[in-house]
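S.K.: Sequence:
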Amino acid sequence: MKNNQTVVLVCFLILMVIYGFQTKEPWTADQLVSPYDLNEQMAVQKDSLPLLLSVGPAAVIKGSVDIGPGQEEANIDKLIKRVEKLDKGQAIIIYCGCCPLQKCPNVRPAFKALNDHGFQNHKLLAILNNIKTDWIDKGYPVNPQD
2 MKNNQTVVLV
12 CFLILMVIYG
22 FQTKEPWTAD
32 QLVSPYDLNE
42 QMAVQKDSLP
52 LLLSVGPAAV
62 IKGSVDIGPG
72 QEEANIDKLI
82 KRVEKLDKGQ
92 AIIIYCGCCP
102 LQKCPNVRPA
112 FKALNDHGFQ
122 NHKLLAILNN
132 IKTDWIDKGY
142 PVNPQD
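The working numbering puts the first residue of the sequence shown at 2, with every later residue one more than the last.
One or more hints might be untrue.
Mimicking BS3-like on lysine-lysine, the simulated pairs with C-alpha atoms at most 25 Å apart in a straight line are [unchecked claim]:
{"id": "1", "residue 1": "K104", "residue 2": "K25"}
{"id": "2", "residue 1": "K139", "residue 2": "K63"}
{"id": "3", "residue 1": "K104", "residue 2": "K79"}
{"id": "4", "residue 1": "K47", "residue 2": "K133"}
{"id": "5", "residue 1": "K63", "residue 2": "K79"}
{"id": "6", "residue 1": "K82", "residue 2": "K113"}
{"id": "7", "residue 1": "K63", "residue 2": "K47"}
{"id": "8", "residue 1": "K86", "residue 2": "K113"}
{"id": "9", "residue 1": "K139", "residue 2": "K47"}
{"id": "10", "residue 1": "K104", "residue 2": "K139"}
{"id": "11", "residue 1": "K113", "residue 2": "K89"}
{"id": "12", "residue 1": "K89", "residue 2": "K63"}
{"id": "13", "residue 1": "K63", "residue 2": "K82"}
{"id": "14", "residue 1": "K79", "residue 2": "K113"}
{"id": "15", "residue 1": "K79", "residue 2": "K89"}
{"id": "16", "residue 1": "K86", "residue 2": "K63"}
{"id": "17", "residue 1": "K86", "residue 2": "K47"}
Simulated DEER-style distance windows between Cβ atoms [claimed, not checked]:
{"id": "18", "residue 1": "D117", "residue 2": "I137", "range": "15 to 25 Å"}
{"id": "19", "residue 1": "Q146", "residue 2": "G90", "range": "25 to 35 Å"}
{"id": "20", "residue 1": "T134", "residue 2": "E85", "range": "31 to 41 Å"}
If you are wondering where the hints come from, they were derived from the structure by calculation, not from laboratory data. Given the structure is predicted, the values throughout are model-derived calculations rather than measurements. Ideal placement from N, C-alpha and C gives every residue a C-beta, glycine not left out.
The task is simple: from the sequences and hints, build the whole structure.
M.R.: In structure tokens form, the structure reads like this:
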């Protein structure tokens with residue numbers, strides 16, 4: 002009997018540790034857009050594209066606006082200032098591309114800020130490697146270099 006209680010307790014503790022290490026992302030799976038899908042959308046819907054905002058080191062994707070790294074509070078303020086007068090249903094896609102999405106320090110604060118300000122149609126570009134590998138090297142459209 003005591004052995005069974007110990008096994009149950011150990012299993013419970015393992016589950017609690019696993020649960021504790023899981024991070025809750027501020028986006029849902031439905032709010033992720035693949036680079037391929039965004040490129041296809043850009044080719045088809047030239048006149049009705051979402052607002053593309055770079056919350057990373059540079060606005061690489063054609064038509065995107067540079068906000069600056071989302072890990073900096075001043076840039077989150079810049080993001081909010083850029084979108085505050087928009088309709089809360091406005092289509093917005095944010096991206097960074099400095100590193101893989103799971104490690105990116107810039108997208109979480111930016112996405113959370115859009116959540117906190119009531120936006121309902123914002124998405125995140127799911128960059129699995131970096132902007133060079135997942136966008137530029139695929140020949141997808143880029144902003145002209147200065």
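S.K.: For which of the previously enumerated hints does the structure constitute a violation, in increasing order of number?
M.R.: Hint 18 alone not satisfied by this model.
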